[in-house]
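Protein chains: 2
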Amino acid sequence: MSTSLGLLKSIVGEERVVDDKVSLLCYSSDMSPFAYTPDAVVLPRSREDVVEVVKYANESRTPIIPRGAGTSVTGAILPRRGGVVLDFTRMSSIKEVRVEDLVAVVEPGVVLDRLNAELAKHGLFFPPDPGSSSACTIGGMVGTNASGVRAAKYGTTRNWVLGLEVVLASGEVVRTGWPVVKHSTGYDLTQLFIGSEGTLGVVTEAVLKLAPIPPYKVTVTVFFDELGLAGRAVTAILLSGVRPAAMELLDRTCLSVVNEVFKLGLPSREGFIVLELDGTRGSVEEEMRKVKGVADRLGAKDYSWTDDPKESLKLWAARKALVPALAKVKEGHVLVPLAEDPSFPISEIEGAIRDFQALSAKYGLTTATFGHAADGNLHPVMIVDPADPDQWGRMLKMEEEIFEIVLRRRGALSAEHGIGLSKSPFARRALGGGLEVMRSLKRALDPNGILNPGKMGLDVESREDPVNLYYAYLSRLRGELQALRRAYEAVRCFRCGFCRAVCPTFNHYFVESKGARGRVVLSYYFLGGLVEASEALRQAYDQCTLCGHCVQVCPPGVKVVDIVEQVRRDLAAKGFISPVHRALGENILKYGNIYGLDNAARGELAKELRGG
Amino acid sequence: MSTSLGLLKSIVGEERVVDDKVSLLCYSSDMSPFAYTPDAVVLPRSREDVVEVVKYANESRTPIIPRGAGTSVTGAILPRRGGVVLDFTRMSSIKEVRVEDLVAVVEPGVVLDRLNAELAKHGLFFPPDPGSSSACTIGGMVGTNASGVRAAKYGTTRNWVLGLEVVLASGEVVRTGWPVVKHSTGYDLTQLFIGSEGTLGVVTEAVLKLAPIPPYKVTVTVFFDELGLAGRAVTAILLSGVRPAAMELLDRTCLSVVNEVFKLGLPSREGFIVLELDGTRGSVEEEMRKVKGVADRLGAKDYSWTDDPKESLKLWAARKALVPALAKVKEGHVLVPLAEDPSFPISEIEGAIRDFQALSAKYGLTTATFGHAADGNLHPVMIVDPADPDQWGRMLKMEEEIFEIVLRRRGALSAEHGIGLSKSPFARRALGGGLEVMRSLKRALDPNGILNPGKMGLDVESREDPVNLYYAYLSRLRGELQALRRAYEAVRCFRCGFCRAVCPTFNHYFVESKGARGRVVLSYYFLGGLVEASEALRQAYDQCTLCGHCVQVCPPGVKVVDIVEQVRRDLAAKGFISPVHRALGENILKYGNIYGLDNAARGELAKELRGG
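Respectively, the protein sequence lines represent chains A and B. Its first residue numbered 1, the first sequence is counted upward by one per residue in my numbering. Its first residue numbered 1, the second sequence is counted upward by one per residue in my numbering.
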């Protein structure tokens, strides 16, 4: 790879190629339990950069893995076969907002919340709203057809992308679609690329459809004594003709996490539904009456509503942060997202919830069930000690059974996270002959198989064994209690990347090793012995300002500052100290102060500084 | 073809293969100006039939053309390369309506209005609503991603199909999608097949998403003294946040046709907008206030509204029948749908309308401009004497300029009708590199090119020259004024197929030659000398009951009964008389009555009949 790395650097410029081990390790994980380290990371600045890198990759048969914010839940952005990660963090401009056309043109690296903040100035918004909105990028959303809480009313990313600019495996650039709301002009290539997880082409621009922000919104909360009843309420509300902008369902486990982490003081019940209703005031009030009717009929225990945007925002922020916050449920346990994202026909929602509860009891695993119930999307997630082979084994069996429930209840394998690596063993049974059709399309557009290989069951249908690659290093630490504790703190980091939005050093350098998430991941690898103490490692930690913003936005509240300080101490103990710190220390030893001057000279300096 | 026809008959049964010349000619046209006659028509009854026919076609390299009701505007269903038309008229069952899932499962031949009548019993509907709803089938709608008046709010067919069963070119059957509202499970093959005009696979079943019928609806009409002002009103209404279920724009030409044909008594103005607003009463009233505000601001001349379903229905039925009714504008002139279906960004709607008006003046052609303005879809249609080479030539130049306007204003070549044959010369400029991508996908799924060849610019980018294939026979009749008059009456038939819904003989036999449209087409070919007098032709006309239902639903009011009677006389004059009529005539000559008995024997018969 080293000669070809030189070629890569000559193509896009040395400063846009990351190839040192410490930096690369920070690109080895996402929210999945997998871990694969790339050979290089390129941060393109333009379509032309992408074209050149793809051409190079196609000629040299190097895998190319497009990546947004690295918030994938399925391992879709991990370089299973090595190769070059194309990190779009620096291609993030909002090129155009055409208010009168309800259209925006953006680069793939733009972060969803930033886009919506910009659009709000014009009274507009881009409706798909995944939990990761503070970090996730439009490019990543296109790759997975992301959606989140608002899909029942507003649809998914698929419904809001009018066109794409795509670099094909050959390096050719193709534009799809038009800035119009409907067309029947050829195969809908836009739709083909959406949800293809970077396996058919690399998106370099997206034309988005926008909606006016609705004039009135309320948030309604309803509680039930039984989770199944909450599921039944979801069905009844949908069949009553109400079209909630969002309707989320949470079980007791989730509810208690939300209460604990976000101090919401919600009642503690078995089932909880939170709805957003939007539109004109008249229509919202009509819908609220219908929801209240269903709640009363099914014996809801608490019903309340608010149209105060601040109150609503608190609830929805908590809901959005639920997944990573679940990492707080049990000391030393992590939430493992496997079989975590099915969607069901409306009439199967209640039954599926009951099935998941039964499975949880059967396998003796803590399971949190929640989901975007309005669109039948449930997230049954399992919470296990990743270093306990017994728990891990039970989890894999439960995963298999969850999938059987999905098949039996006519559900889809994944509603919004995609297949990626994690669900590739189930792709054939879920897709049937469709998998072969996908393969022939893949061969047609990427004959050399360079685009994100090893994903979606396209070229390989099995995962690695064991699956817990990211957590493998924990077992090495079994004997060292203190190191294990520190590692447990680090693996509470769910790699959600919410800290990317606030970390000052990340937002200067835009590479993972210079950000909070990268430092936590590195600390874990450092403990596990995957990375040695080095100057590069020292630099990653020295640059941290210890501002603590990351901790404030971290849903499970990982103690990032403590972790950084601890690693700094470890590195110092091994002799890796920053030249500045070393000089300061030497000054103290020599002069009794940090300035490297004797006290007389310091007096002169002070005079000088105050201007004479 | 004859030996292979035998094979085809042995596969699906003789009674499901149509191969006589008279019958085949009835499958040679659609609403486009083209004409191609198939070698055979097969009416499958099941997926298995389709599989066998496709396998046969793939082995024998025979083109296969899937067809719904034959209402294509672009020639998409015409056998340009000959081959077998797969007519889905008899595969039309509504297999399942799962009210609680808001899902229906249907065969491709089901007619949209019939489906919606069935769904209305459950308070549900399938929203896409093309003008041809009384005739068009779900299969055809999937093929072209049809939409119609409701797309701005409800989207197109694409947004309401959850899954498909598709027979691939190999004969393999693939199921795509799930009965769930969102998924991210593999490439979205459903979306790939939708809008592919039968070039990638043959749909044998569709899983549809349904919506609850909104509780309240109003129809609003607004008139302007200038067409451009009407266009500006459309933009202003959309930007005010109103989401009309439908918003149609009509110019003076269209308005006068609607008034004349449907006796609506609307004011005569340059520009007319008709809106449907639906939802709860509260939200509809709020939206009405906004529309009224825009109308007042732009100096609308007449504004009125109604929530009376009958009144609304009259208006919308007239709007839906506008296209075929335009065939009534000028004696001997026809509406030629070429470049008739672009869609524009919202901000370009007004400008595009003005451009079309200028073109109409430049080329001295009668042009009707109307469209589904809420989604930027305009239909500029040209009305010409198809037998006048000068007019025809000007029309083709104007077509080219319309397309240049589309490119300049960032529009899409087709909004809802598809590319088919008519727009294939523009496919490359509209799609750019996307056309090559389409070609590689096509090769991947249909390596032998048997599925609807010659369409979408995939394998050939030019049309025949001259384009007016269907109208070619008119020129032969130039010298015979009476025959020309009759031919003109026949070509007023726009082949919209609305008569399919009511013709009793068609609804018994389900083949075109046994229906009103087929009889009109045959009468035209008969005059043009393309088909000779024959027993088969006689049968087609003798079976007509002269009930006249076809005339009642015919938008341009083609005198079908007169046509049938005239052809019967022509055929009789050439010795083609039905055995019954011949016997009746002979009885009259011999016995003085039609019964073939002398008067005494008739007395006995009468006694017998009254029971002794």
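One thing to keep in mind: the hints can contain errors.
Only pairs whose alpha carbons sit at most 27 Å apart, straight line, appear in this in silico DSS-like list of lysine-lysine [what the hints assert, rightly or not]:
id	chain 1	residue 1	chain 2	residue 2
1	B	K301	B	K290
2	A	K121	A	K328
3	B	K292	A	K292
4	B	K121	A	K209
5	B	K209	A	K290
6	B	K121	A	K217
7	A	K153	B	K153
8	B	K153	A	K574
9	B	K153	B	K290
10	B	K121	A	K121
11	A	K153	B	K290
12	B	K290	A	K209
13	A	K55	B	K330
14	A	K263	A	K209
15	B	K301	A	K290
16	A	K362	B	K292
17	A	K55	B	K290
18	A	K290	B	K153
19	A	K217	B	K301
20	A	K153	B	K301
Note that these hints are calculated values from the structure, not bench results.
Hint by hint, here is what the structure shows:
1. Distance check on the hinted pair: K301(B) and K290(B) sit about 17 Å apart at the alpha-carbon level, within 27 Å; holds.
2. This hinted pair does not check out: K121(A) and K328(A) have alpha carbons roughly 36 Å apart, beyond 27 Å.
3. The suggested pairing of K292(B) with K292(A) is violated, with an alpha-carbon distance near 33 Å, which exceeds 27 Å.
4. Of the pairs offered as hints, the one joining K121(B) and K209(A) is violated, with about 35 Å between alpha carbons and a cut-off of 27 Å exceeded.
5. Note on K209(B) and K290(A): the hinted pairing holds, with a Cα-Cα distance of about 22 Å set against a maximum of 27 Å.
6. Using a Cα cut-off of 27 Å, the hinted pair K121(B) and K217(A) is violated, with the two alpha carbons roughly 32 Å apart.
7. For the proposed pair K153(A) and K153(B), the alpha carbon gap of about 12 Å is at most 27 Å, so the pair holds.
8. A threshold of 27 Å between alpha carbons decides the hint, and for K153(B) with K574(A) the separation of about 65 Å lies outside it, so the pair is violated.
9. With a C-alpha separation of about 16 Å, the suggested pair K153(B) and K290(B) falls inside the 27 Å cut-off, and the hint holds.
10. For the hint linking K121(B) to K121(A), the alpha-carbon distance of about 45 Å lies beyond 27 Å, and the restraint is violated.
11. Note on K153(A) and K290(B): the hinted pairing holds, with a Cα-Cα distance of about 23 Å set against a maximum of 27 Å.
12. Taking the CA atoms of K290(B) and K209(A), the gap is near 22 Å; set against the 27 Å cutoff, the hint holds.
13. Note on K55(A) and K330(B): the hinted pairing is violated, with a Cα-Cα distance of about 58 Å set against a maximum of 27 Å.
14. Simply put, K263(A) and K209(A) have alpha-carbon atoms about 36 Å apart, too far for the 27 Å limit, and the pair is violated.
15. Only pairs whose Cα atoms come within 27 Å are accepted, and K301(B) paired with K290(A) is rejected, the gap being roughly 40 Å.
16. Between K362(A) and K292(B), the direct Cα distance comes to roughly 62 Å. Violation of the 27 Å bound is thereby established for this hinted pair.
17. Using a Cα cut-off of 27 Å, the hinted pair K55(A) and K290(B) is violated, with the two alpha carbons roughly 53 Å apart.
18. Of the pairs offered as hints, the one joining K290(A) and K153(B) holds, with about 23 Å between alpha carbons and a cut-off of 27 Å not exceeded.
19. About 36 Å separates the Cα atoms of K217(A) and K301(B), which puts this hinted pair outside 27 Å; it is violated.
20. A C-alpha spacing of about 36 Å is found between K153(A) and K301(B), which places the hinted pair above 27 Å, so the restraint is violated.
Consistency note: the structure conflicts with the earlier hints numbered 2, 3, 4, 6, 8, 10, 13, 14, 15, 16, 17, 19, 20.
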